[in-house]
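Listed in order, the protein sequences are those of chains Z and H. In my numbering, each residue's number is its place in the first sequence (first place is 1) plus 3. In my numbering, each residue's number is its place in the second sequence (first place is 1) plus 6.
Heads up, some of the hints might be wrong.
[Unchecked claim] Computed beta-carbon distance windows for the label pairs: (1) V26(Z) - A35(H): 47 to 53 Å; (2) V26(Z) - S12(H): 49 to 55 Å; (3) A10(Z) - R28(H): 35 to 41 Å; (4) H150(Z) - A78(H): 58 to 64 Å; (5) A266(Z) - R18(H): 33 to 39 Å; (6) G268(H) - R212(Z): 53 to 59 Å; (7) G41(Z) - R531(H): 26 to 32 Å; (8) L95(Z) - I417(H): 50 to 56 Å; (9) L263(Z) - R28(H): 16 to 22 Å.
Hints listed in this document are in silico derivations from the structure and should not be mistaken for laboratory results. Note that the Cβ used here is the ideal one computed from N, Cα and C, for glycine as well.
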Amino acid sequence: MTMTAGAFADALHAEWTKLRTVVGTAWLLAAAVVLTIGLSVASAATVTCDGAGCGEDPAKVGLLGVLAGQAVVAVLAVLAVGEEYGTGMIRLTFAAMPRRELVLAAKAVVVAAVTAVAGVLAVPASALAALALLPRHGFTAAHGYQHLATAATLRASVGSVLYLVLIALLSVGVASLLRDSAASVGTVLGLLYLFPVLAQVISDPDWHRRATQLAPMLAGLDVQSTIGLAGQPLSPWQGLGVLTAWAFGMLGLGGAMLRLRDA
Amino acid sequence: MVSSDSFWNLVRAEWTKLRTVRGWMVGLALAAILTVALGMLGPLGSSSSCSQVDSNGATSHTCHVTGPPRDASGQEVQDQSTFVRRTLAGDGSITARLTSFSGKYSPDGGGPPDPTDPTAGMVDGLQPWSKAGILIKDGSNFGSAYAAVLATGSHGVRMQYDYTHDTAGLPGSVTAAAPRWLRLTRAGDVITGYDSADGTTWTEIGAAHLANLPADVEVGVFAASPDYAVVKSSFGGSSTNTGPSLATGTFDRIAVTGQSTGGWSGPGIGGEPSGHSGPGAAQGPAAAAVAAANGADGFTVTGSGDIAPAGPGEGADKSAEGSLVGTFGGLIAVIVVAALSMTSEYRRGLIRTSLAASPRRGRLLAAKAVVLGAVSFVVGLVAAAIAVPTVRAVEHSKSMYVYHASTGAQIRMVIGTAAILAVAAVFALAIATIVRRGAAAVAAVIVAIILPYILAVASVLPAGAAEWLARLTPAAAFAVQQTVKPWPMVEASYTPANGYYPLSPWAGLAVLCLYAAVAYAIAHRLLRRRDA
Chain Z
4 MTMTAGAFAD ALHAEWTKLR TVVGTAWLLA AAVVLTIGLS VASAATVTCD GAGCGEDPAK
64 VGLLGVLAGQ AVVAVLAVLA VGEEYGTGMI RLTFAAMPRR ELVLAAKAVV VAAVTAVAGV
124 LAVPASALAA LALLPRHGFT AAHGYQHLAT AATLRASVGS VLYLVLIALL SVGVASLLRD
184 SAASVGTVLG LLYLFPVLAQ VISDPDWHRR ATQLAPMLAG LDVQSTIGLA GQPLSPWQGL
244 GVLTAWAFGM LGLGGAMLRL RDA
Chain H
7 MVSSDSFWNL VRAEWTKLRT VRGWMVGLAL AAILTVALGM LGPLGSSSSC SQVDSNGATS
67 HTCHVTGPPR DASGQEVQDQ STFVRRTLAG DGSITARLTS FSGKYSPDGG GPPDPTDPTA
127 GMVDGLQPWS KAGILIKDGS NFGSAYAAVL ATGSHGVRMQ YDYTHDTAGL PGSVTAAAPR
187 WLRLTRAGDV ITGYDSADGT TWTEIGAAHL ANLPADVEVG VFAASPDYAV VKSSFGGSST
247 NTGPSLATGT FDRIAVTGQS TGGWSGPGIG GEPSGHSGPG AAQGPAAAAV AAANGADGFT
307 VTGSGDIAPA GPGEGADKSA EGSLVGTFGG LIAVIVVAAL SMTSEYRRGL IRTSLAASPR
367 RGRLLAAKAV VLGAVSFVVG LVAAAIAVPT VRAVEHSKSM YVYHASTGAQ IRMVIGTAAI
427 LAVAAVFALA IATIVRRGAA AVAAVIVAII LPYILAVASV LPAGAAEWLA RLTPAAAFAV
487 QQTVKPWPMV EASYTPANGY YPLSPWAGLA VLCLYAAVAY AIAHRLLRRR DA
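Chain H extracted, bound-state conformation (with noise of 0.2 Å):
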């Protein structure tokens, strides 16, 4: 008789018992509607300002979902650089002396900027990542294909290709006693960077494989820096501290090999003027996106800007994982309604006849959990798969931008959010057949999943603490709904506060499901101990 059948019917029961208890399935229907109906608060409350006055002084209405330039996969990036550029056709390479390497930068943020002096109030210094080298670039629009081997203002000379690949090279910054010598290739498809020390001893960093490239490329030195940033957190989020800064590098020896038409243009060179704005120009501070002709095969470039991928920042432009912060509702009826499903058995008596019937108390528990766990599964998997495409939908019709999160993350993102229903129904009945008493197994869950979250992202606790509570507390699941990705190559604030778990998504998952396999094992261990 002791055969899994018996499992089966006491899991059947506990169904049965579920489904018929009107209360617990407008629990449950409540924890869908909530994880849907909040995640609308987002878009609603929120608005992107799409009137502009035009020329006449009239408003016009016309709303574009514009958003940063967005490269072939759909990733968001930033293109803004000064380049000095001639076209090549076909295979050959660009190699490049970098003889030295400077930067000033805004600390106080920068003010209104001045057109005649656009380094007034600046000092002297390199952001890590500002940078200064050669650049082979399909030069047709923002966010296209590239290459490029360049030094960087704290990170040594680095291989970059179509924004989101870093390679490291040299180490060391660029004097004038120790220049760097820099050189791409293109074989067809396959673009190779080198780096060295002498211009004699060359060492390759990597190779890039960029399907698609055009025939003709653009090829040349570039250099851009991003902005100047200090974050500064308190109670209820974080704010940052910009300021624009410049990077200038000068090269020489500037050879290209193959098939290279036209002279040399940029800002200020063949007859551009300086700051001028279009693919993979400087945008920022644009007087200052100059070059200048440095000896009869060099350059002296100054820019600013970045070649990197973007994330969200502040403002109107939403995170894909937005939509799902209904999931917080959720969970509170699920987590309720598990609590329930076992102290409801210790008030009415009931506990004893479940028990006569199943002696064995382990698999009444096991019953339960499967049941609650099945349930809460489906709940939160088809509210989640409702919010995400709908929440997405209302922010278009208000002319946000979404930041790009690729299927694969939607899809990890909606599982994710089932499985942390799922998970805190087991949580919760397991600590509910600990403690006996619905209203502190309830408070209990509660405090130990949502209270971290809260305090992680949105009290007055520093960084550093944020970041252990997002470790070791079950708040840590939250990390599976995580879509924005932290660049190593771009300089932000990767904190729980601005959505950066420091966990993996699924590690984060599983310190939840840690914890509720504690809580089911002692809650096993007592149910099976005590008197009912």
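Here chain Z stands alone, though its shape is the one from the complex (with noise of 0.2 Å):
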């Protein structure tokens, strides 16, 4: 147990060197950052709540930037093992670490502590500015909207840095399963962007509920909902479940995939 241990910890450190040392990460960080940011503020500046019921959750509106910076948080944890494979660093790591198993969750751990960080800047960042701008955009207790800082607006600040760290593994899975950088980009950012898109076609209600209650990012953002929650699909938590789910399971699936094939 305690080699396990040791072993881990080895694990991580090593992982952490790799991630800390390579040039790309911080420029990555950087740009998950600023891209929710901005895309929160543009938003928060831009919807209007033209009278009582208007229906805008502010929750939704302040936070939207997390839709751009999941796509940088995926790339970067993409980057955390295609690049291993890319440059063929990958066969050094598991003859150091022959234990496959552990290098994946030493580098889930590792992106997901890193993607918390970029988290923790850019959402309380996004809600401050929401709190500053909505209220001057018709946000008002006269239209139905008492406090914007509650108790739901926290949950769902919480639950937007859960959401980036979830999508962070999600693309770690992916990444162990497909072994390219490009690929798994592209296959995480379909898994994401895809659903809304073709969730629209659907008409039928019972069809349309259930693919928004599988698609990864429309389930992980209902626990951005803060009015409404009773005609939610899912309630906030469970929504947030189903990203988990995902995540989790493509983890597994990329280290089962790790141990039986070649690397």
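From these two lone chains plus the hints, build me the complex, please.
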């Protein structure tokens, strides 16, 4: 047991060193933070609530940037796995650390931690900007928004950070399955972005509901809902649960394939 | 040696590289498969209710693809009004004076209809395209040919014919102090519309050439009023709040010249009951469709509905471009292959061999762009040409109504889809050359093309911001798939979320081309200046 714990600590240390010393990591983290805050602020500055019952969810408006930031997070996470395959470094890594699932777990933990840092910088900044901007755009007590800084808003913010972390884990899983960075990013962004596009043409209410409940992005972003919760296909935490299932499902599949295939 | 031969040799070399990497051919095949297969989700994930309960209480499963009425060209139309009419044989004219024009509507969406008082809960006011005027119509069917001169709620007097044609006449609204004189004359197939403020000075508004108009037509006065509608947009789409509305026009000095036989007929006139339902008659709040004599030569006509083109609304009805929703899947596959075709050369160091063989680096990029563009175009063309008729066939088999799209629009939609894939491939190649990292290039291009589309059609952003996204970002290119048409004479929510793009189809595609061209120019410059 101690050997495993020690080996895992070594793997963590190795992965952290690799991620930290690659120039791209810092740039990607900065890009994720800037894109998330930028799109969130643009959205909070554009959306107006024109009367009582306008139906706009202030948390979804103020945290819209997560839609863009997640793409950078996916790139960061995919590169942590895919680059080692691209350069052949992975064979060296596995020679040094024959327990491949430990390597994958260490990569997942390190990438998740780095993503959490980006999320903790980007999401509260977006939320604070929204709290300052939205009351000027009709999100007022008169239109039914007594307080914007509620427990639900806090849950939406914490949930959005967790959402980004889960996207990173999903990406690590997909990259260890496909072993090619470009194809993995394409697959992850396809999983995220295609569902909302396809859900539009599904007009049967039951199928539409099922599609939105299954879609990793749509279900995961249910954690940002603060109004009209009764009408949502999933409760906020259920939605994040669906994304968690996707992320750990992909990680498990990736780990299994890692053991079965030659590197 | 610097001949076109060497460039085509380079193109052949790039084509050989592309077709011999198994993963890339798999990617291109996947692009075609996704484009077709994802398009099937629309009809497979939708259902049209076609079971009806008959008078015995048994459920019958006879399905009929009905949809809205259509005119001779196949365009879906609305054809409901209260029409007080008589038959005109051969050439002739009708003249009438509209002395007052008023309306009512339900601002709260309207409750269940109350047969005893159809205007219960309504407030005064005309809709922008409420209509009252004179009409010459081939009276036999819904969607039949017609020409009308009419006053509107807020667009002045218009001459309209055959649903899609609309010409402005006198501006301003109708009051007792400012009545409107309206006239239509028929000479053979040509019907000419006039208006006048005083009944002596007449101005021609326009002439309609109605081919195949029978000798006997219905002429008379009519009123119609389209539903009141307020559009709300919120995350995941927009919802429309609609309510019934009514328009009442008071006509006098009605004069018909030519061979006019029989008396006037209409709901409440000539023995017909109020709320008569049939071609040209109102079906909305039917009890409100009523007309009454107004002196010796006039009628007061109240009606709802509209005589205008119709577009796809919500529900199981499909527009043709829905069959190409799989383009988004194909796009991702093509982007990955295009980015890899450059970045894998850097990864393997093959780029140095390629550049040694072809020291004019710009040509290498051009050859890659030609090969990727051409291959993606063919993949897109084949996939779209399969997807459009296949999805339509499935929709028909499930008794869904597919809105009319002209053959030209369908061909443009298919070729445009191929062009989107081709230009996106060149865009991805250029970005990959600039950043030299496959993952970053793929993410950048997907975020540039697909994220703005999602933000515009399925996010919290208001319609104004969505329209700017659909103008300025590469997502503008999806306008080339649009077959639904915005009609100036129909109030509706013509937003990207409902499938209406602010740019014309080819202008939208040009926006994507511009992004690709700029990226290509930068890539070309960097490839020449940087060490490989």
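Tested hints:
1. Taking 47 to 53 Å as the suggested C-beta distance range, the pair V26(Z) and A35(H) does not conform, at roughly 36 Å.
2. One distance hint, 49 to 55 Å for the beta-carbon pair V26(Z) and S12(H), is violated here, with the actual separation near 38 Å.
3. With their beta carbons about 37 Å apart, A10(Z) and R28(H) fall inside the hinted range of 35 to 41 Å.
4. Evaluation of the 58 to 64 Å hint for H150(Z) and A78(H) yields a pass: the beta carbon distance comes to about 60 Å.
5. About 35 Å separates the C-beta atoms of A266(Z) and R18(H), a value consistent with the hinted range of 33 to 39 Å.
6. In this structure the hint that G268(H) and R212(Z) lie 53 to 59 Å apart at CB holds, the actual value being about 56 Å.
7. As the Cβ distance of G41(Z) to R531(H) is approximately 27 Å, the hint placing it in 26 to 32 Å holds.
8. Between L95(Z) and I417(H), the C-beta spacing of about 55 Å keeps the proposed range 50 to 56 Å intact.
9. For L263(Z) and R28(H), the Cβ-Cβ distance of about 21 Å falls inside the hinted range of 16 to 22 Å, so the restraint holds.
Checked against the numbered hints above, the structure violates hints 1, 2; every other hint is satisfied.
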